[in-house]
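Number of protein chains: 2
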Amino acid sequence: MLDKVLRIAELYDFYGALLTDKQRRCLEMHYLGDDSLAEIAEEFQVSRQAVHDILRRGEQLLAEYEAKLGLVARHRLDLAAITQARASLEALPPESRNRPETVRALELLHQLTDR
Amino acid sequence: MLDKVLRIAELYDFYGALLTDKQRRCLEMHYLGDDSLAEIAEEFQVSRQAVHDILRRGEQLLAEYEAKLGLVARHRLDLAAITQARASLEALPPESRNRPETVRALELLHQLTDR
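Residue numbers (the working numbering), protein chains in the order written: chain H, 121 to 235; chain F, 121 to 235.
Computed from the model, here is a short list of chain F residues facing chain H with C-beta under 8 Å:
id	residue
1	ALA137
2	LEU229
3	GLN231
Heads up, simulated DSSO-like pairs for lysine-lysine below, C-alpha to C-alpha not over 30 Å straight-line:
id	chain 1	residue 1	chain 2	residue 2
4	F	LYS188	H	LYS188
5	F	LYS188	H	LYS124
6	F	LYS124	H	LYS188
7	H	LYS142	F	LYS188
8	H	LYS188	H	LYS142
9	H	LYS142	H	LYS124
10	F	LYS142	F	LYS124
11	H	LYS188	H	LYS124
12	F	LYS188	F	LYS142
13	F	LYS188	F	LYS124
14	F	LYS142	H	LYS188
Note that these hints are calculated values from the structure, not bench results.
Every residue gets a Cβ at the ideal spot worked out from N, C-alpha and C, and that includes glycine.
Can you build the whole structure from these sequences, using the hints too?
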């Protein structure tokens with residue numbers, strides 16, 4: 121379940137703006153806010169089944185956008201390369217690792233991978 | 121004009137898969153293949169005005185996707201940080217710059233910025 125939540129959060133971060141307001145709101149409440157279907161149903165004054173359908177449709181759309189565009193996958197590859205570059209620099213002996221040029225580069229790479 | 125072509129090529133690279141086949145084909149022929157409206161009109165057996173409208177609509181959609189998602193802008197910011205990190209490492213004195221750890225890190229960052 122955690123994997124699914126993280127996956128949806130990742131897709132939502134990239135493509136959420138292409139969903140309808142209601143799909144966005146439901147996904148946010150359920151996956152980011154951890155609200156139950158019953159709580160969301162009450163908020164929207166609809167049935168639990170309706171909430172279930174909205175969530176399912178939203179998830180499906182996010183997956184379809186990624187299948188077409190692949191921008192999350194592309195971003196992951198970039199992050200993997202940046203993480204490798206960081207590891208390589210971290211492995212430098214102290215006299216090189218602690219130079220201001222290296223420290224600055226590591227800082228920049230750190231910001232990219234730790235968002 | 122070159123700026124416009126580069127901008128459309130960039131947006132197309134990210135969001136092209138969300139356009140229709142015809143929009144994609146027209147944009148490719150016109151902006152990547154450098155075909156004239158008349159040549160594309162002949163290929164598709166439509167008027168030049170129709171080609172003009174398809175191109176305009178395709179460009180508009182690409183701009184709308186970027187306005188909503190901002191993924192090209194986000195990617196540019198990442199690239200700017202990576203370019204800075206590279207420059208910082210390039211400025212290391214030779215004994216640090218030429219260590220295999222630094223060379224490997226620079227290689228990885230290079231691949232990310234030079235695609």
